[in-house]
Amino acid sequence: MELGKRLLEGDKRAAARLISMIENDDPEAVAILSAYFSHTGNARVIGITGPPGAGKSTLVDKLAKLLRKKDAKVGVLAVDPTSPFSGGSILGDRIRMSDLNLDPGVFIRSMGTRGQLGGLSKSTLGAVKILDIMGMDYILIETVGVGQSEVDIVKAADSVLMVMVPGLGDDIQALKAGIMEIGDVFVINKADRDGADRTKTEIEMMLDFSHGDWRPPVSQAVAVNNIGIEELTDNLDKHWSFMKDSGKLIEKRVNNSELEIIDLTQSAILKKMMGNDDNRNRIRELAKKVAIRERDPYSISQMVLKEMIVGEEGGVKD
Amino acid sequence: MDRPIRVLVAKPGLDGHDRGAKVIARALRDAGMEVIYTGLRLTPDQIVQAALQEDVDVVALSILSGAHGHLLPKVVDKLKEEGIYDEVLVLGGGVIPEDDIPELKKAGVAEIFTPGTPTGVTIDFIKNNLKRSL
Ligand code: B12
Ligand SMILES: Nc1nc2c(ncn2[C@@H]2O[C@H](COP(=O)(O)OP(=O)(O)OP(=O)(O)O)[C@@H](O)[C@H]2O)c(=O)[nH]1
Ligand SMILES: [Mg+2]
Numbered sequence: 001m002e003l004g005k006r007l008l009e010g011d012k013r014a015a016a017r018l019i020s021m022i023e024n025d026d027p028e029a030v031a032i033l034s035a036y037f038s039h040t041g042n043a044r045v046i047g048i049t050g051p052p053g054a055g056k057s058t059l060v061d062k063l064a065k066l067l068r069k070k071d072a073k074v075g076v077l078a079v080d081p082t083s084p085f086s087g088g089s090i091l092g093d094r095i096r097m098s099d100l101n102l103d104p105g106v107f108i109r110s111m112g113t114r115g116q117l118g119g120l121s122k123s124t125l126g127a128v129k130i131l132d133i134m135g136m137d138y139i140l141i142e143t144v145g146v147g148q149s150e151v152d153i154v155k156a157a158d159s160v161l162m163v164m165v166p167g168l169g170d171d172i173q174a175l176k177a178g179i180m181e182i183g184d185v186f187v188i189n190k191a192d193r194d195g196a197d198r199t200k201t202e203i204e205m206m207l208d209f210s211h212g213d214w215r216p217p218v219s220q221a222v223a224v225n226n227i228g229i230e231e232l233t234d235n236l237d238k239h240w241s242f243m244k245d246s247g248k249l250i251e252k253r254v255n256n257s258e259l260e261i262i263d264l265t266q267s268a269i270l271k272k273m274m275g276n277d278d279n280r281n282r283i284r285e286l287a288k289k290v291a292i293r294e295r296d297p298y299s300i301s302q303m304v305l306k307e308m309i310v311g312e313e314g315g316v317k318d
Numbered sequence: 001m002d003r004p005i006r007v008l009v010a011k012p013g014l015d016g017h018d019r020g021a022k023v024i025a026r027a028l029r030d031a032g033m034e035v036i037y038t039g040l041r042l043t044p045d046q047i048v049q050a051a052l053q054e055d056v057d058v059v060a061l062s063i064l065s066g067a068h069g070h071l072l073p074k075v076v077d078k079l080k081e082e083g084i085y086d087e088v089l090v091l092g093g094g095v096i097p098e099d100d101i102p103e104l105k106k107a108g109v110a111e112i113f114t115p116g117t118p119t120g121v122t123i124d125f126i127k128n129n130l131k132r133s134l
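So the protein sequences, as listed, match chains A and B.
The numbering used here applies: residue 1 is where the first sequence begins, and numbers increase by one.
The numbering used here applies: residue 1 is where the second sequence begins, and numbers increase by one.
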């Protein structure tokens with residue numbers, strides 16, 4: 001618990017260590033997050049997503065610098081893909097943020113997806129809480145470069161910033177099904193390139209068809225030259241005000257907490273089932289009966305649930 | 001506990017030669033490590049802050065500028081100041097004359113890998129010399 005106390009005081013080394021422990025499923029870290037959970041919920045969490053190379057990291061760098069001018073403390077979680085073949089990864093988002101390394105009010109952490117497919121890693125939610133406890137006012141989460149179905153960021157963020165680039169053309173059509181719907185604020189980065197205005201018009205047109213109380217604003221930026229960042233933060237602030245004033249913020253946080261509970265419970269059940277050899281062997285034996293049609297898988301699964309998860313008196317088994 | 005080794009690959013100083021650093025980053029990734037690549041032209045302070053926030057096991061410095069004698073010991077000293085040198089293995093690589101290596105090792109760099117060293121040698125060295133358990 002010593003680590004938890006240091007984290008609450010804003011100690012970066014404690015934060016760094018705890019994120020590793022959460023990534024490695026260390027039960028001590030889970031206990032600390034559980035004990036200090038009441039210190040979370042204060043940070044504004046913004047997700048930054050979009051296709052590979054759109055300029056997400058460069059934008060995060062510039063957004064963080066602007067927020068620092070307003071004296072806000074900023075945590076950054078930058079997620080990059082883990083290779084499914086080697087299990088290794090090259091996490092390169094920090095390249096665009098090197099000026100922030102020495103800022104005492106900034107903490108940046110790179111994370112590999114480690115097998116998770118939704119654009120984040122399974123520890124991202126835990127890492128968000130760690131940065132929240134350490135006192136960050138803003139937490140910026142950069143997802144992996146997304147294609148069509150990496151939408152986990154909605155479960156982690158209060159606002160999702162969708163970064164697009166000129167000339168996506170047909171790609172916008174392809175993206176629209178899954179990805180486009182999760183953007184709360186849109187920015188067309190690399191507006192120094194040809195076609196930025198056309199892309200803006202196309203996105204505006206598409207958004208006109210969507211319904212709901214919130215019509216996502218669209219702006220342009222040239223992140224490398226620090227252009228368009230003020231307008232972008234204004235748009236993010238507008239979304240934040242809308243969320244708070246309409247009661248959507250609490251609704252969203254309820255939804256996200258619900259998903260998190262389901263997720264954690266599901267993992268806990270799986271771990272209880274598969275985490276011990278007796279259970280694994282038992283399931284294997286039962287499977288043999290199912291294979292030769294001596295038993296059916298439906299009643300067996302009920303039986304497994306009773307044997308391995310629910311105790312005699314209906315409580316949860318140790 | 002089964003976890004990937006985390007390595008910070010960094011280039012200290014005003015040195016634009018980044019091919020070697022990229023070769024090493026890829027080799028370590030392919031060996032199953034999580035490599036945080038921080039790009040060019042970092043100061044020792046920036047490197048050490050990044051290493052601290054990323055909670056790495058290894059700081060791997062690539063340098064071909066000739067300024068190794070000054071920059072590598074500086075990184076070691078800053079790691080000590082932050083109290084993380086006991087946990088972090090410091091490696092160097094690039095164009096570094098044989099004669100300079102003993103001095104760098106005395107300063108706290110665990111090993112130096114010069115051109116022509118097979119990447120497998122570096123990977124084995126890391127696995128066998130980590131300062132904290134996996
Ligand atoms: C290609 C090259 C360039 C390219 C660089 C392109 C790039 N983006 O990298 C260009 C043309 C831009 C260039 C420019 C210059 N260069 Co030049 N360049 C070379 C050259 C010919 C090859 C370097 C290379 O890429 N090798 C291939 C890579 C894969 O090998 P490597 O970097 O050595 O890495 C291997 C190992 O060293 C090791 N390794 C490297 N880093 C690390 C890190 C760790 C942790 C580990 C474990 C291992 C490891 O593993 C790698 C794989 O085996 C060398 C000469 C030579 N033979 O080394 C000169 C050389 C490095 N350059 C030199 C010089 C002087 C310059 C300039 C100053 C020239 C000038 N006057 O303008 C400029 C400076 C540029 C700058 N901004 O810093 C000198 C340096 C002298 C010194 N150190 O005292 C060299 C040695 C040439 C010489 N003999 O004089 N250069
Ligand atoms: N022309 C132009 N280039 C830009 C702009 N913003 C970023 N870039 C460049 O685009 C490249 C990718 O930028 P990143 O910020 O790394 O993009 P990213 O979306 O984080 O990339 P991934 O994390 O790999 O998906 C870099 O070379 C940037 O310098 C811009 O506004 N205009
Ligand atoms: Mg990036």
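In short, the hints are calculated from the structure, not lab data.
In this text, a Cβ means the ideal position worked out from N, Cα and C, and glycines have one as well.
A few of these clues could be false.
[To be verified] Label pairs and their computed distance ranges (CB to CB):
(1) A:Ile261 - B:Pro102: 26 to 36 Å
(2) B:Asp124 - A:Asn225: 23 to 33 Å
(3) B:Arg3 - A:Gly10: 52 to 62 Å
(4) B:Glu82 - A:Phe242: 35 to 45 Å
[Stated by the list, open to error] Derived lysine-lysine pairs resembling DSS-like cross-links, with alpha carbons at most 30 Å apart:
(5) B:Lys22 - A:Lys5
(6) A:Lys155 - A:Lys272
(7) A:Lys122 - B:Lys105
Agreement of A:Lys155 and A:Lys272 with the hint, judged by alpha carbon distance not exceeding 30 Å: OK: A:Lys155 and A:Lys272 at ~25 Å, within 30 Å.
Whether the CB-CB distance between B:Asp124 and A:Asn225 falls inside 23 to 33 Å: This hint is violated: roughly 45 Å between Cβ atoms.
Supplied distance hint 26 to 36 Å, evaluated on CB atoms of A:Ile261 and B:Pro102: violated (58 Å)
B:Glu82 paired with A:Phe242, Cβ distance criterion 35 to 45 Å: Given about 42 Å between the Cβ atoms, the range holds.
Given hint A:Lys5 paired with B:Lys22 - CA-CA distance at most 30 Å: violated (39 Å)
Range agreement (Cβ of A:Gly10 with Cβ of B:Arg3, hint 52 to 62 Å): Cβ of B:Arg3 to Cβ of A:Gly10: about 26 Å, so the range 52 to 62 Å is violated.
Given hint B:Lys105 paired with A:Lys122 - CA-CA distance at most 30 Å: Violated, at about 39 Å.
Violation of the numbered hints given earlier is confined to hints 1, 2, 3, 5, 7; the remaining hints are satisfied by the structure.
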